[in-house]
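> This is what each chain is made of:
2 protein chains.
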Amino acid sequence: METVNPPTGGPGLLTDRYELTMLASFIADGSAGRKAVFEAFARRLPEGRRYGIAAGLGRLVELVEGFRFDASEIAWLRREGVVDAATADYLATFRFRGTIEAIPEGDLYFPGTPVLTVSGTLGECIVLETLVLSVLNHDSAIASTAARMVTAAGGRPEDGGRAVIEMGSRRTHEEAAVATARAAYLAGFASTSNLAAGYRHGIPTVGTAAHAFTLAHDSELAAFANQVEAHGTGTTLLVDTYDIPTGIRNAVTAAAAHGATGPGAIRIDSGDLAEEAAKARALLDDLGATSTRITVTSDLDEYVITALQDAPIDGYGAGTRVATGSGHPTAGMVYKLVAIEQEDGTMRPVAKKARDKASVGGRKRVYRSTRDGILAAEVHVVAGPPPDGFAPAQVTVVDHGTVVHRPALVETRQACASALASLPAEARSVTDGVAWLTPVVLTPATQGA
Amino acid sequence: METVNPPTGGPGLLTDRYELTMLASFIADGSAGRKAVFEAFARRLPEGRRYGIAAGLGRLVELVEGFRFDASEIAWLRREGVVDAATADYLATFRFRGTIEAIPEGDLYFPGTPVLTVSGTLGECIVLETLVLSVLNHDSAIASTAARMVTAAGGRPEDGGRAVIEMGSRRTHEEAAVATARAAYLAGFASTSNLAAGYRHGIPTVGTAAHAFTLAHDSELAAFANQVEAHGTGTTLLVDTYDIPTGIRNAVTAAAAHGATGPGAIRIDSGDLAEEAAKARALLDDLGATSTRITVTSDLDEYVITALQDAPIDGYGAGTRVATGSGHPTAGMVYKLVAIEQEDGTMRPVAKKARDKASVGGRKRVYRSTRDGILAAEVHVVAGPPPDGFAPAQVTVVDHGTVVHRPALVETRQACASALASLPAEARSVTDGVAWLTPVVLTPATQGA
Numbered sequence: 001m002e003t004v005n006p007p008t009g010g011p012g013l014l015t016d017r018y019e020l021t022m023l024a025s026f027i028a029d030g031s032a033g034r035k036a037v038f039e040a041f042a043r044r045l046p047e048g049r050r051y052g053i054a055a056g057l058g059r060l061v062e063l064v065e066g067f068r069f070d071a072s073e074i075a076w077l078r079r080e081g082v083v084d085a086a087t088a089d090y091l092a093t094f095r096f097r098g099t100i101e102a103i104p105e106g107d108l109y110f111p112g113t114p115v116l117t118v119s120g121t122l123g124e125c126i127v128l129e130t131l132v133l134s135v136l137n138h139d140s141a142i143a144s145t146a147a148r149m150v151t152a153a154g155g156r157p158e159d160g161g162r163a164v165i166e167m168g169s170r171r172t173h174e175e176a177a178v179a180t181a182r183a184a185y186l187a188g189f190a191s192t193s194n195l196a197a198g199y200r201h202g203i204p205t206v207g208t209a210a211h212a213f214t215l216a217h218d219s220e221l222a223a224f225a226n227q228v229e230a231h232g233t234g235t236t237l238l239v240d241t242y243d244i245p246t247g248i249r250n251a252v253t254a255a256a257a258h259g260a261t262g263p264g265a266i267r268i269d270s271g272d273l274a275e276e277a278a279k280a281r282a283l284l285d286d287l288g289a290t291s292t293r294i295t296v297t298s299d300l301d302e303y304v305i306t307a308l309q310d311a312p313i314d315g316y317g318a319g320t321r322v323a324t325g326s327g328h329p330t331a332g333m334v335y336k337l338v339a340i341e342q343e344d345g346t347m348r349p350v351a352k353k354a355r356d357k358a359s360v361g362g363r364k365r366v367y368r369s370t371r372d373g374i375l376a377a378e379v380h381v382v383a384g385p386p387p388d389g390f391a392p393a394q395v396t397v398v399d400h401g402t403v404v405h406r407p408a409l410v411e412t413r414q415a416c417a418s419a420l421a422s423l424p425a426e427a428r429s430v431t432d433g434v435a436w437l438t439p440v441v442l443t444p445a446t447q448g449a
Numbered sequence: 001m002e003t004v005n006p007p008t009g010g011p012g013l014l015t016d017r018y019e020l021t022m023l024a025s026f027i028a029d030g031s032a033g034r035k036a037v038f039e040a041f042a043r044r045l046p047e048g049r050r051y052g053i054a055a056g057l058g059r060l061v062e063l064v065e066g067f068r069f070d071a072s073e074i075a076w077l078r079r080e081g082v083v084d085a086a087t088a089d090y091l092a093t094f095r096f097r098g099t100i101e102a103i104p105e106g107d108l109y110f111p112g113t114p115v116l117t118v119s120g121t122l123g124e125c126i127v128l129e130t131l132v133l134s135v136l137n138h139d140s141a142i143a144s145t146a147a148r149m150v151t152a153a154g155g156r157p158e159d160g161g162r163a164v165i166e167m168g169s170r171r172t173h174e175e176a177a178v179a180t181a182r183a184a185y186l187a188g189f190a191s192t193s194n195l196a197a198g199y200r201h202g203i204p205t206v207g208t209a210a211h212a213f214t215l216a217h218d219s220e221l222a223a224f225a226n227q228v229e230a231h232g233t234g235t236t237l238l239v240d241t242y243d244i245p246t247g248i249r250n251a252v253t254a255a256a257a258h259g260a261t262g263p264g265a266i267r268i269d270s271g272d273l274a275e276e277a278a279k280a281r282a283l284l285d286d287l288g289a290t291s292t293r294i295t296v297t298s299d300l301d302e303y304v305i306t307a308l309q310d311a312p313i314d315g316y317g318a319g320t321r322v323a324t325g326s327g328h329p330t331a332g333m334v335y336k337l338v339a340i341e342q343e344d345g346t347m348r349p350v351a352k353k354a355r356d357k358a359s360v361g362g363r364k365r366v367y368r369s370t371r372d373g374i375l376a377a378e379v380h381v382v383a384g385p386p387p388d389g390f391a392p393a394q395v396t397v398v399d400h401g402t403v404v405h406r407p408a409l410v411e412t413r414q415a416c417a418s419a420l421a422s423l424p425a426e427a428r429s430v431t432d433g434v435a436w437l438t439p440v441v442l443t444p445a446t447q448g449a
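Those sequence lines, one after another, are chains A and B. For the first sequence, UniProt numbering begins at 1 and goes up steadily by one. For the second sequence, UniProt numbering begins at 1 and goes up steadily by one.
Keep in mind the hints are simulated off the structure, nothing from the lab. Built from N, CA and C at the ideal position, the CB exists for glycine as well. A couple of the hints might just be wrong.
[As the list claims (entries may be wrong)] Sample of chain A residues lacking proximity to chain B, with all beta carbon distances greater than 10 angstroms (derived):
1) 22
2) 82
3) 209
4) 241
5) 274
6) 323
7) 352
8) 421
9) 429
10) 431
[As the list claims (entries may be wrong)] Part of the chain B face toward chain A, derived, beta carbon under 7 angstroms:
11) 67
12) 133
13) 200
14) 241
15) 347
16) 436
17) 438
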């Protein structure tokens with residue numbers, strides 16, 4: 001039997017063992033209840049990237065709410081010697097009662113930006129580390145990539161751009177696929193092929209047929225006739241199984257049998273897409289199918305989409321490259337202790353000194369300023385008020401264990417579009433660049449306090 | 001409220017919409033019950049790779065067994081217009097009753113190798129496509145990468161190599177993390193940091209402490225004393241939070257307080273690892289801690305591990321690079337219809353002609369030959385018997401809906417080690433190369449039949 005224990009519903013074990021080992025040590029020496037602050041941030045953006053899009057918060061909040069350990073899991077942890085009896089008791093009644101503040105989902109982040117700040121007891125903060133990072137690193141990598149593809153397509157469809165459809169499910173883990181669809185949608189994709197993403201998150205789903213559909217029929221025309229019969233003339237016909245011009249003629253013929261000048265759209269999934277799209281447009285127009293749209297797919301990314309901007313294309317399907325972060329499949333965020341309660345009740349800033357991984361101690365509040373609607377600066381303030389003209393960039397998401405921020409995905413999607421619009425065109429460029437903004441850390445020393 | 005519908009237990013919706021759209025068309029024209037054969041294969045290996053390791057089969061089999069659509073999901077599919085009434089009825093009672101043959105998990109694959117062959121009705125084969133590819137593409141990408149890291153470490157610990165620990169959970173989606181740990185373990189990793197992987201799959205888990213643990217204490221020595229107190233002198237102490245030589249001295253002091261010459265191991269997570277390991281070994285020996293092992297972590301991959309082979313290191317922790325496939329996060333397999341039943345009951349071979357994505361029609365049986373224990377050739381036979389001296393490479397996994405092949409993960413892990421041992425050293429090299437073996441397709445024409 002392959003599975004030893006079936007997965008439980010709870011996310012508690014989606015955790016690195018050392019979180020629980022550390023918890024056991026803290027419980028043993030009485031420090032698990034000390035107050036602590038942790039920050040999740042990326043030391044740097046992926047090579048060539050100019051900004052990051054924070055994503056995953058909505059999923060994370062639900063996972064934190066459900067973060068429990070059931071009896072079977074605790075028995076296993078005991079049997080394996082991961083935790084002692086005292087730690088097992090702690091986990092049996094565990095609920096996160098701390099506070100989470102974060103950059104809202106869909107908003108920008110830069111090197112060092114505290115994307116998520118967790119404050120609570122040392123014990124409850126430490127056990128969340130792995131889950132926080134798994135969710136933020138995956139979803140932010142996808143959203144950051146998707147935002148570049150949407151930019152290359154001229155923005156969201158509602159902003160005048162061409163639709164980009166997420167269809168990468170088969171290129172990534174089956175559950176990562178659902179999160180990928182969600183992250184791409186919030187970054188401005190029009191829709192997804194993934195049904196679970198539609199069911200769970202209300203994301204529009206699309207999809208018509210694969211090459212297998214045509215191959216399963218005795219002829220391409222028979223396949224198209226069947227598809228139009230079953231799904232109406234508004235359907236999208238995949239025309240490149242055999243020969244594209246013949247495919248287009250068959251598509252128009254199949255639609256014509258139902259009184260339409262052409263199908264809703266054709267899809268081309270191979271060849272030189274710019275050239276094939278131009279030839280397809282000319283042929284469709286020639287055949288009178290002037291309102292038939294052209295969708296292209298096949299290893300599209302932000303660079304290919306940019307190169308296709310002058311081709312007569314109405315929509316793009318992005319698969320592998322969006323699901324794998326277009327070369328950067330993880331956001332590289334880390335989760336670091338920045339302050340710990342002292343014996344006297346005050347908070348002590350802490351920081352790692354390791355030469356290539358140094359961090360700044362103290363809890364950092366994030367503020368941003370804009371000039372003429374364009375993001376101008378970001379500061380991280382360790383103590384005291386922000387400089388004049390700066391507004392807080394984090395929101396309170398969980399307040400002492402209660403979720404207080406749970407926007408609908410459409411709101412998050414709008415927030416992302418607004419955030420991208422707050423960048424100058426240069427910062428949105430998909431060409432290689434450096435972080436458009438370097439946040440400044442204001443410590444009591446640099447503030448002259 | 002962020003979630004529209006909570007995830008259901010079943011994997012049915014982890015599927016691209018077009019699978020169900022095609023199913024609806026097939027049901028409408030009466031062809032859903034025609035017999036069909038689909039093959040999952042990679043057209044090519046990722047750039048530079050010499051072999052692939054097939055992985056995910058064990059997970060996939062359980063997902064196929066549970067592939068159902070519950071009432072809530074079907075109601076949603078109807079509401080969204082994804083399926084019509086007849087298709088909804090079909091899905092309500094869906095169970096996969098077809099046959100799956102596959103390259104056993106942990107075994108090798110090359111360009112074009114039918115890694116998985118599904119035969120059954122057109123309807124039941126088509127709805128599995130997305131799930132088959134999600135699982136195989138993710139898990140095979142990880143296992144193929146992990147096998148290279150294990151090779152760089154000199155093989156599995158039981159084969160004389162240095163232990164490689166999987167610790168990439170925080171760099172990938174939280175569920176992909178569990179599958180990553182599983183794929184890495186079957187490819188020869190010694191253990192994982194991921195607790196769910198231990199709980200669900202019985203994989204050994206390890207983990208001790210992060211930098212936060214040291215930072216949370218008033219001094220490094222206090223942290224180490226606490227850890228040794230809670231976990232014994234066999235624990236691994238992370239010595240690079242502040243200054244490595246001081247950290248090592250503190251580690252030995254903390255162990256000495258409990259009568260040991262040193263802790264079980266120290267971990268170094270920053271700096272020039274070869275240099276730091278050499279200095280650490282010299283210092284440990286100097287302090288009498290000659291049996292304290294040295295583990296290193298920090299962006300390790302097959303190249304860094306190779307470069308560290310002469311350093312006095314006892315174990316490696318690999319994170320980001322194994323969880324993201326070391327530059328190749330997906331295996332790029334596709335799932336193609338290769339044969340379909342005709343009106344007269346015979347099977348017609350089918351193939352796509354698109355110029356850059358052409359495929360060979362007909363169901364291909366996979367056979368391999370060895371010479372002196374080394375894999376010598378692979379043929380794909382469309383019809384007739386294999387050439388002399390060739391043995392079948394696929395096994396029957398599901399026989400008309402019944403799972404008949406469910407090896408324990410330890411067996412799969414042994415199979416992978418044996419498969420790697422069947423490659424010549426040159427083919428196992430982690431340097432860039434081309435597929436070590438190019439399978440030959442034997443069609444009735446090429447067989448002279």
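> Does each hint fit the structure? Answer for all of them.
Evaluated hints:
1. 22: violated, 5 angstroms
2. 82: violated, 7 angstroms
3. 209: violated, 5 angstroms
4. 241: Label violated. Min Cβ-Cβ 6 angstroms, cutoff 10 angstroms.
5. 274: For residue 274/A, whose nearest Cβ neighbour in chain B is about 15 angstroms away, the distance exceeds 10 angstroms, so it holds.
6. 323: violated, 7 angstroms
7. 352: violated, 5 angstroms
8. 421: With a cut-off of 10 angstroms, residue 421/A remains clear of chain B, as the shortest Cβ separation is near 24 angstroms.
9. 429: holds, 24 angstroms
10. 431: holds, 21 angstroms
11. 67: violated, 11 angstroms
12. 133: holds, 4 angstroms
13. 200: holds, 6 angstroms
14. 241: With a minimum Cβ separation of about 6 angstroms from chain A (threshold 7 angstroms), the hint on residue 241/B holds.
15. 347: violated, 12 angstroms
16. 436: The hint is violated - residue 436/B has no Cβ within 7 angstroms of chain A, the shortest such distance being about 24 angstroms.
17. 438: violated, 23 angstroms
Hint check: violations occur at hints 1, 2, 3, 4, 6, 7, 11, 15, 16, 17; the rest are consistent with the structure.
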